Amino acid sequence: MDGMNQDVKAERKALIEEVLSAYPEKTAKKRARHLNVYDEGKPDCGVKSNIKSAPGVMTIRGCAYAGSKGVVFGPLKDMVHISHGPVGCGQYSWSQRRNYYTGTTGVDTFVTMQITSDFQERDIVFGGDKKLEKVIDEIHVMFPLNKGVSIQSECPVGLIGDDIEAVAKKKGKEHGKMVVPVRCEGFRGVSQSLGHHIANDAVRDWMLGKGKAKAKEFETTPYDVVVIGDYNIGGDAWASRILLEDMGLRVIGLWSGDATLAEIERGNKGKLNLIHCYRSMNYICRHMEEQYNIPWMEYNFFGPTQIARSLRAIAEKFDDKIKAGAERVIAKYEPMAQAVLAKYKPRLEGKKAMLYVGGLRPRHVADAYGDLGIDIIGTGYEFAHSDDYQRTADNIKDATLVYDDVTGYELEKFIDKLRPDLVGSGIKEKYSTQKMGVPFRQLHSWDYSGPYHGYDGFAVFARDMDMAINSPVWALNKAPWKAA
Amino acid sequence: MPQSALKIKDHIDLFNDPEYLEIFKRKREQFEDMPSDDEVAKQAAYINSMEYREKNFAREALVINPAKACQPVGVAYCAAGFEGTLAFTHGSLGCAAYFRSHLSRHFKEPSAMVCSAMTEDAAVFGGLNNMVEGLANAYALYKPKMIAVHTSCIAEVIGDDLNSFIIQSREKGSIPADFPVAFAHTPSFVGSHIVGYDNMMKSILSNFWEGKERKAGGSVNIIGGFDGYGVANAREIKDIISAMGADVTLLSDVSDIYDTPADGSYRMYDGGTPLEAVTKALDAKATISLQEWCSAKTLDFAKDKGQDVASFNYPMGLGATDEFLMKLSALTGKAIPESIAKDRGRLVDAIEDSLSWIHGKSFSIYGDPDFVMGMTRFVLELGGEPLHLLSTNGGNEWEAKMKALLASSPFGASGQVWKGKDLWHMRSLLATEPSDYLIGSSYGKYLEKDTGVPLIRIGFPIFDRHHHHRFPTMFYKGGLRVLVTILDKIFDTIDEKTKVTGISYDLTR
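Those protein sequence lines, which keep their order, are chains A and B. Numbering-wise (the working numbering), the first sequence opens with residue -10 and increments by one. Numbering-wise (the working numbering), the second sequence opens with residue 47 and increments by one.
In isolation and in its complexed conformation, chain A is listed as follows (with noise of 0.2 Å):
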């Protein structure tokens, strides 16, 4: 340890013990189990994770309902989601997420439409069930070619006591198409996501090596591979789709980005899963394995050196065609990725930013900045668990401030004092940070931009860091007459 570092974190540990003095001591003491300066070689960052928020505080995280409905099964473009309860869920989480497809909206997919129950109070009193059972006789009427309904249950379904399974058992048969109840109240769980292992759950009792796809005919090869946690949003897993397909590997699922139906089906026709979300998704790649043997394992497309570095890993999984097919990739996209850094590595080297986001990537894009030389000098998670927290050690350097589930408060004392050249992270806390004079990329959408994923992903990020970092306007903040 230089001694640098050790001013820096003394300095960093000060801020902390700074925010949690604003707090009732109760509440300091639970916040203080989640902030820490990382001291390298540690096994993990030093912070608890996956704990019940305080209250008042402003998390922010979101429900279970959102890990379910928001993130893996919203997504899956054949099948109609409904969001089961009052209107408000379906509609603030209705075509955020970016989850690009193809296909015919309305027709033969239905990604961006808000499908609901829409409760009133008398469903409350009464029960929702008889209206579940119209609304998805309905939906058979009004689209006719989808390919199965979900249903996503919002709060009130699991305290008035329905029985969702019974009615999806029910109108399944009737209809001759898959319905699968997922039970992912937001009171349930202490963030989004319980909501990704409930509709992982789900995945693996309704949908997985059943339905349709099972009595077709599927001839496998020994390049297949099932992609696992891209939600291809704004198109990233359309980028990472062509990395592996032009290495040689079939891709013949890919969850949930743009995915049908069947994909989910077969998913466990693969010799190997691949997974990049591995917050939202580990819990089916574990079952894979355990119940059919697929091994299944981690890798990362975010930036040239992780890029290179997982197409490597990847191949080691197959025969000697499949490693010169990624050395291949690597060496067509590599020159196109060294003229991106070329071009903005010398206008963004030495700067800092903070990361504040939800499964992956607050360690995932880590080494993407790191790429284009900006440092990494705070990270967290919304929605973590301890295994997060242990793969990230690998990723951040010495005296990276750690906040996990950070609150409102906190994180605008701490990009106020820390003054990063960027931040990362979501809606909610974009227009806040940006009137603070610092820059900001919403690291959940994309900002409306995108794909971020693979080598062409990889142009997109450079571009879209560089013109956030770089902007005129940041130095026009200040009204000349008071910036004296």
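In case anyone wonders, no lab produced these hints; they're calculated from the structure. As the structure is a computational prediction, the values presented were derived from the model and not from experiment. Warning: the hint list may mix true and false statements.
[Claimed, not checked] Think about it this way: if two alpha-carbon atoms lie no more than 25 Å apart in a straight line, the pair counts; the simulated BS3-like pairs of lysine-lysine are:
hint, chain 1, residue 1, chain 2, residue 2
1, A, K123, B, K101
2, A, K203, B, K71
3, A, K406, A, K19
4, A, K41, B, K465
[To be verified] Pair by pair, the computed Cβ-Cβ distance ranges are:
hint, chain 1, residue 1, chain 2, residue 2, range
5, A, K341, B, F171, 50 to 56 Å
6, A, D(-4), B, K343, 58 to 64 Å
7, A, K306, B, R74, 25 to 31 Å
8, B, E217, A, A3, 53 to 59 Å
9, B, A308, A, R317, 28 to 34 Å
10, A, A464, B, I58, 40 to 46 Å
11, A, Q280, B, M96, 49 to 55 Å
The C-beta atom is built at its ideal place from N, Cα and C for all residues, glycine as well.
Put chain B on the given structure of chain A with help from the hints.
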């Protein structure tokens, strides 16, 4: 390879590249098991048919693409317009995250709000502890001058009693005994965001008015209602008040909080109706609302307190603004000054200049009930012909008033009123009986894509165009802005159409 460092392609262009198109095709052929092209084409044609429309309108339970949000978004908006006020959701933690995101996406501004983070144990034992701890934390961290507590679904279903919880929180020292906490029960399975606005407005007024004696004075209170253009419309109201020299209190003024400057500091609170003014508002002679269906309970409450009340339906354009101004003048005893008469004349002038491009064109309109009514009335004044007028959260009274409005003008003869319907109903209407133009929120972009009817973006939310909320839509000046928005789309549409042959691609129009 489609990508290059020289000219970086993002999602807008990248996926039109042949390499990607090939990937889509291969994926579809080998792995997707999608319906055949024939089946898709058949169904795509069928959903535009009258037969499908009938099935669509026979729906009883399924709701598809509704144009309404739930109560707490109205709460958050209403509370944000009061000095130093922090909205507090008593419910699951995802709710507040959604409300904040929704408002931020429209206003492109921060939207602060806390929640009591109820989880499964709170569902079983009740959320008292969450409230006690939550109020203490929110008070200590964010130093509000008032907290506006309201519920989301979970707290309503299990029957949490806000009043009792807040009293107990005070007793336990979470907040000082005299600290203002307004509270409203706002379940998402009742009404919509406009009802939430009303509930919170009433609860804030009750908080300051109950138990106090009213000394009737000469001032007037104005309630704006939930409004995606509330920033600029509030400024318009204030300009009008100041031009008239009237003594008026604007209750919930979001003109600062949803339009804070970027100058190096983040203002979690900014402007808003001063709390002192809210107390004094009890003594007002009258309370008038610019949006009837955003304020029914609040106006009843003001009436009970002895005030005169009146309501309008999103006054936009000439007739509706005339009525509003004359009412305001009558209530305050202040004359309408020449400067406002001039603004009126300028709007009339603009309409005369442009009438030939709008006269006889048909417009479908959707959105909140007051907005649809105000917009319809203005379209009638422009010589446009309202066609499908739809409000997901509009009820029987709205329907009756809309029909009366249409009957008041020969231009309203073909107007059809659709209460409680959603945008999938609107899709069928436009597919079978299209209007020339469609007016509504960003959700309408899917209707524009599917039916080819050009969308004029006026309403809430506007997610995919920037800064519209910074310009007014109400009164004469707002009418002018709306007129320009309509005209721009009409001219763009004509240019698009005529540039194919070049015939009628005129320089001057």
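Hints versus structure:
no., hint, in the structure
1, A/K123 <-> B/K101, "14 Å, holds"
2, A/K203 <-> B/K71, "23 Å, holds"
3, A/K406 <-> A/K19, "22 Å, holds"
4, A/K41 <-> B/K465, "42 Å, violated"
5, A/K341 <-> B/F171: 50 to 56 Å, "45 Å, violated"
6, A/D(-4) <-> B/K343: 58 to 64 Å, "59 Å, holds"
7, A/K306 <-> B/R74: 25 to 31 Å, "27 Å, holds"
8, B/E217 <-> A/A3: 53 to 59 Å, "36 Å, violated"
9, B/A308 <-> A/R317: 28 to 34 Å, "48 Å, violated"
10, A/A464 <-> B/I58: 40 to 46 Å, "28 Å, violated"
11, A/Q280 <-> B/M96: 49 to 55 Å, "50 Å, holds"
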